[in-house]
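Peer 1: Let chain R serve as the given structure and place chain V on it in line with the hints.
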Amino acid sequence: MTAVIAAFHLSKWYGNVLGLNDVSLDIEEGVTGLLGPNGAGKSTFMKLITGQMKPALGTVTVRGRKTWNDPSVFREIGYCPEQDVFYEDVTGWEFLTGLLGFYGYARPAIEERAARALDIVDLTEVKDRLIRGYSRGMRQRIKFAQAIAHDPEILILDEPLSGLDPLGKRKLIRLIKGLRDQGRTILVSSHVLPEIEALTSRIVLIHQGKILAQGDIPYVRELIEAHPHQISVRSSDPRALAARFVGDVSIQKMTFGPDGRTLVVETHRRDDFFGRLTGVVLEAGIEVDEISSPDDNLKSVFEYLVGK
Amino acid sequence: MGATVREKGYTHWDGTLVERRFPWWPITRTGILLAFRKKRFKLVFAAAFVPAFIFLVGIYISERLEDFERFLQGSDRFLNIGPKYFSTYFTNDSLLFLIVLVLAYGAGGLIADDLKHSSLQLYFARPLVKRDYLIGKMSVIAFFVLILTALPGLVLVAFKLVFAGSFKFFLQYPWLPLAIVGYAALLTVFFAFYVLLLSSVSKNARYVMVMIFGVYIFSNVLFGILRGIFKTPYMALFSVPANLQQAGAFLFGQKLPHAVPAVWSFAVLAGLCLLAAAVLDRKIRGVEVIR
Chain R
1 MTAVIAAFHL
11 SKWYGNVLGL
21 NDVSLDIEEG
31 VTGLLGPNGA
41 GKSTFMKLIT
51 GQMKPALGTV
61 TVRGRKTWND
71 PSVFREIGYC
81 PEQDVFYEDV
91 TGWEFLTGLL
101 GFYGYARPAI
111 EERAARALDI
121 VDLTEVKDRL
131 IRGYSRGMRQ
141 RIKFAQAIAH
151 DPEILILDEP
161 LSGLDPLGKR
171 KLIRLIKGLR
181 DQGRTILVSS
191 HVLPEIEALT
201 SRIVLIHQGK
211 ILAQGDIPYV
221 RELIEAHPHQ
231 ISVRSSDPRA
241 LAARFVGDVS
251 IQKMTFGPDG
261 RTLVVETHRR
271 DDFFGRLTGV
281 VLEAGIEVDE
291 ISSPDDNLKS
301 VFEYLVGK
Chain V
1 MGATVREKGY
11 THWDGTLVER
21 RFPWWPITRT
31 GILLAFRKKR
41 FKLVFAAAFV
51 PAFIFLVGIY
61 ISERLEDFER
71 FLQGSDRFLN
81 IGPKYFSTYF
91 TNDSLLFLIV
101 LVLAYGAGGL
111 IADDLKHSSL
121 QLYFARPLVK
131 RDYLIGKMSV
141 IAFFVLILTA
151 LPGLVLVAFK
161 LVFAGSFKFF
171 LQYPWLPLAI
181 VGYAALLTVF
191 FAFYVLLLSS
201 VSKNARYVMV
211 MIFGVYIFSN
221 VLFGILRGIF
231 KTPYMALFSV
241 PANLQQAGAF
251 LFGQKLPHAV
261 PAVWSFAVLA
271 GLCLLAAAVL
281 DRKIRGVEVI
291 R
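Residue numbers (the numbering used here), protein chains in the order written: chain R, 1 to 308; chain V, 1 to 291.
Pulled out of the complex, with its shape left as it was, chain R reads as follows:
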């Protein structure tokens, strides 16, 4: 399959700060998830693709055309930024029709497209309300509407699910999948793995401006599995609990938390550990108050991957 978006040795600095470091990447049709913690370089990459920033080094092309300084490329791109980017004192309708005005449609076509986009995101009923009066979810949806209103072949969606309630998320995920089924190319960023998993199995891991891994989710999960997981168990007797696990070969390391009630375990086989833990707790009658995985957040996983 040919690449729709292609980055070649792409780098971007903000003064002395490196935003993106030597990224070479091909993005094909369908949904690609760009996964990384906050500050990883996801938005920088997206802004380079949408031609809002000039690469310091390297190139980025959309269908073979460089995006920097070629505004005609943007007829094919729909961009949904992460931040709120509205004039508060215009209505949803004015916001959409105003932005559609840049594409050269006649007025009836502008109105038809704005109405359709509003309908898709379920905002028709509030289209004449000032954006100032929109809820967080409505703002996300009107932002999404402006990205799809001109019917682009390529969608760049920066954290589109953040701020949406579960129902709103489900609707938007369904809508993105629908657009994917029409053969569009969609790049979605998120720092939440389950969100990306719900959208696609093809992901790119980005951290500190570098692409750490790319491929299908099972591959990335495997990559993550190769690194130990941290599990924290707060109980009435953490030392008794630790004694039960000393002989377990799947355990790599055990430490005690500063509160004296927490046992922190590092293991490669998380599922096995949880299986054994249940038995041990029942056998020994140890009260467990809380079980958590401090490194379940993406940043910790990424830090493992970069060897911190």
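Please note that the accuracy of each hint is not assured.
Said to hold, decoys possible - Each computed BS3-like pair below joins lysine-lysine, with the alpha-carbon atoms no more than 27 Å apart: (1) R:Lys127 to R:Lys171; (2) V:Lys42 to V:Lys203; (3) V:Lys38 to V:Lys203; (4) V:Lys283 to R:Lys66; (5) R:Lys127 to V:Lys116; (6) V:Lys39 to R:Lys127; (7) V:Lys130 to R:Lys54; (8) V:Lys42 to R:Lys127; (9) V:Lys130 to V:Lys283; (10) V:Lys116 to R:Lys54; (11) V:Lys116 to V:Lys283; (12) R:Lys54 to R:Lys66; (13) V:Lys255 to V:Lys84; (14) R:Lys54 to V:Lys203; (15) V:Lys38 to V:Lys116; (16) V:Lys283 to R:Lys54.
As the list claims (entries may be wrong) - Per label pair, the in silico range of CB-to-CB distance: (17) V:Ser219 to R:Ser24: 49 to 55 Å; (18) R:Thr59 to V:Trp25: 31 to 37 Å; (19) R:Pro258 to V:Phe218: 55 to 61 Å; (20) R:Gly183 to V:Ser219: 55 to 61 Å; (21) V:Arg206 to R:Thr59: 39 to 45 Å.
Just so you know, these hints were derived from the structure itself, not from any lab.
Where a beta carbon is used, it is the ideal one built from N, C-alpha and C, also for glycine.
Peer 2: Showing chain V alone in chain R's frame:
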């Protein structure tokens, strides 16, 4: 709530896409629309036509001097309608101040609001370049300045011809409409750069509004202070209104208000525009944020 997303499809538009001749127009349209959403702006904008109305009445009276002799009591020397009358209209402090007032209320947020709301990333993810963006914003200012200068100026000339019932005035001063358009264009270009420069240095439109006033008035105060100290008319070059008045008097062929060659004032105004252009060039792309 409307139908659920599941039941909706997305269809391709089959129309023909045309290259827009004026890609900046949606920016201009939005800018003007937003200005007229403000109640205070509407009042200021209406008040800005008061000088034009007064000068129109003056033209009417000048053609009916005998009817108004009792009211004028020798003041009719002010009603000698010619280039000086028009120069007075265009360069009087009150008109310039009202223009500044209109721009402060109506155009202060042109770039500041975009910076505040990070709207630039939406604009530049569309078929639009920086030049289009700036032309769109400048056109908002041009709309307000021209409507307060060129339009009333040409209307005053037209009414002079109508009230006089002949083309004698036009034949006597055929260059006057050109001077009106020329000075209105100069005001437009200068104020476009002046307002956008100040609008680009802050995200707070209120603060920009204060700056638009402040710089205009402070420059004149500075002129007064420096003239008192150095006793030279060249200090007028520090004053924004003084430079505009010098340029206006020159274009209308009148005696310059300050004993400084008009070319100096044109140079100062051009220099300020160039400075503004350089700052805008940097600021409009200077919105990149680290995420």
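Peer 1: Taking each numbered hint in turn, which are not upheld by the structure, reported in ascending numerical order?
Peer 2: none
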